[in-house]
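Protein chains in written order, with our numbering: chain B, 1 to 445; chain G, 1001 to 1384.
These aren't lab readings, by the way, just hints derived from the structure by calculation. All values derive from a computational prediction rather than experimental measurement.
Stretch-level coverage of chain B by chain G, calculated; a stretch enters the list once three of its residues show a Cβ under 8 Å from a Cβ in chain G: (1) 165–172; (2) 202–216; (3) 221–229; (4) 360–374.
Residues from chain G that face chain B, not an exhaustive set, calculated with beta carbons under 8 Å: (5) T1181; (6) G1183; (7) E1214; (8) G1231; (9) R1234; (10) I1242.
Where a beta carbon is used, it is the ideal one built from N, C-alpha and C, also for glycine.
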Amino acid sequence: MAVREGPRALDGIRVFEIGIAIASPSCGRYMAHHGAEVFKVESPTAPDVVRLLGSAWLRGDEERAFAMADSSPYVPEMNADKKSVALALKEPAAREAAHRLVANCDVFIANFAARALVDLGLDYETLREIKPDLIYVQLPGFGSDPSKPYYPYVAWGPNQAPLVGLDDMTGHADREPAGIATVAPPDYLSALHCTVAVLAGLEHRDSTGEGVHVDVAQFETTIGMLAPFAMEHSLTGTTTSRIGNRSLWYAPEGVYPCDGEERWIAISCDSDDAWDTLRAMAAPALDDPRFDTNEARMAVQDDLDAAVASWTVGYDNVDLAARLQTKGVTAHIVATNEDLLQDDHVKRRGWYEVNPSARFTRDVYSTNPVRLSETPGYSNRGGPSMGEHTVEVLTEVAGLSEAEVDELIGAGAAFTMVEPDVVLDRPYEQFLHLLLPVEDARDLS
Amino acid sequence: MSQPLSGLRVVDLSALGGAYGTRLMAALGAEVIKVEPPGGSPLRGLAPFAESAPDGEASLWWAFLAMGTKSVELDPETDDGRAAMADLLRGADIVVDEHGPDVLDELGLGYDDVSADNPGVIWVSITPFGLTGSKRSWSTSNLVAWAASSILYTVGFEDQPPANPGGPVQMAMHATALNATVGALMALRVRRATGRGQQVDLAISESALAIAPETTVPVFLDDQVHRVRTGNRRALSRPFGIYPCADGYVSILVLMPHHWAAMAEWVHEVTGNETIIEDVFADVVVRGESMELIDMWTEELTMQLSALEVFEEGQRRGIPITPVNTVEALRNDPHLAATGFWQQGEMPDGATVEVPGAPFRTSAAWWATSRAPLLGEHSAEILS
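Pulled out of the complex, with its shape left as it was, chain B reads as follows (with noise of 0.2 Å):
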């Protein structure tokens, strides 16, 4: 865990982020990654959820209790690096310390409800008085403007994919949709495009020397994604709707059963010659006139995906992707998370982090997927605690004098780090050496 060190694309730029969960989070952690220093401005009196969660194997132990806040995998997930400064913004006095924190930044990134940011006197109006060529960008639900329907509406998590289309679209058509519930793509694809509109922000900043404020409205955003099929009900009224997993374009694609219990393989014969060679693998099971060209396939999939079935169904998943991969047919194993902890490729492409931070020796979290040769990204700490970073950031960067802090500190309205007794060790140390190639786990002992 040698410290990384290096020139990286966002230096010198800094960013104030008050977010919640992922959306807004997850684009400072981009920038936090690539070299931005990013202030997660947050509170103990209303923590971001990441901080509630805590950890399973913390849970019910009253001893430590004290680093729970700081113990979900979350916390490194969506704020590595980042520097934590713990603001009761309620208090006025917090706000002003805010205000002269906003005036030293270059970006502000926020997903509180476009309600609560007025309420908080950090609307971009009030901030662009602060901070004129500040590049604003806000990922409420349903927009910043009050005059809209669903401008007070919520819409969180696991709501959003239901909402934006995407639950629809999910399932097999012969049933209700299935949702995709576990996980959240809405958030991050918001989380990207607020990426996008904070780095054109700063070539807006650099050619006109203006700020700009940016609405990243979710429900808006993410619709965008599906404007085939909305371009496809403008032109013919029609609706397309789940198609199990199965392609528009092409037979077979599916999800097909291996040996061992729930063991699948997920199988996209998206070529004739990705189709021949299927068809001379599997060999006799795929012998049937009917499925000769694409077009034949396509209407007969029932039968065609009940034939890769019967073939797969013999195989060891990941014998099998990787013969199909070496043949050339598009194939990979429906990944459990226990396999994901054995992915080789995973490993060697060095996706986990394992860096310490203030509570724990080592945080384990997963990297950024924007790979640079020349200024290539890194973190060198795991999650903030909150308020770990209070006093250095507001006495450094925003300016304020040690007795203000003092005083901020003493009225309540500013708060620091809980400092540890013990840094604790997350409960992972023998699986550490999965996850990280062989040059890096020598250097754990």
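With chain B held as given, fit chain G onto it using these hints.
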């Protein structure tokens, strides 16, 4: 009007893994040149189609994803085509390539070849599993990307195979394309400081993995829970998940005590149910133990109302409820009508079609777009 990406030239060699991102770059002011092989981009072959449009110009994927771009048709396998492609790449600020590892290198048109002449070029390599690692030569699809991410395994009903999240929407591909834009814009900042470009190694598999924290390793190490499929409701609470209503489905997420109080009161008012308001059901554990009963009582309410009625009245009562929108419902949604989200657009052949508007709204005028190009429409302009 000053668009943030004005003056940038993007050479777009991408397919489904990059197109949403180059579309954004075009709408934000970049000149995006799609280099299409003889016969056209594979995107032109993707259903659904506009039946009235001529073959090759009828794909609604193309009509949307190529909006605001230019089209050049050339064959890099021929000497002339190869020379024209080399010229284009030499003049590019940003190249978005999705040919797969080594393909363009073998034609002498890869990043190393081009950056020798054009050291400022920013080269985004979109590949199925990345430029390195044991699966670098594997191919992918949207379904396979979800399969590898561990998300696919957790979606669907217990008694059926796992189900593709978002199905035909191809979400993993669009997430990748967004990452391509992020990587290109980050590299652009570096280039302004150093004058030098760089390569962005962007794996479709990792763009899907980045959406998967809820099902992937760090969370698994924490709680050691095997994420499994539980259909469209979760055992966490009740009512929690998708419920049928008079004309479709709604999503109801009642977890917090005050949400339950409002929900129970609503069911009581409408259906006359006296039992549901008893204190015992305020306990989320009790509701979990009697989930069939809670679900039945909930449906006695929802089945009397339309999805929009459940949504609006539920929200009025402060309960986190949304409709499970179909494409048709979204096209008729009153809020989207009020915000003017749906815009009049054009098909490549000039026919009109309604398209989604900008993905975000800006105080400065950033967003401008136009119809997707005909095959080779800009060949003469660009290649001369």
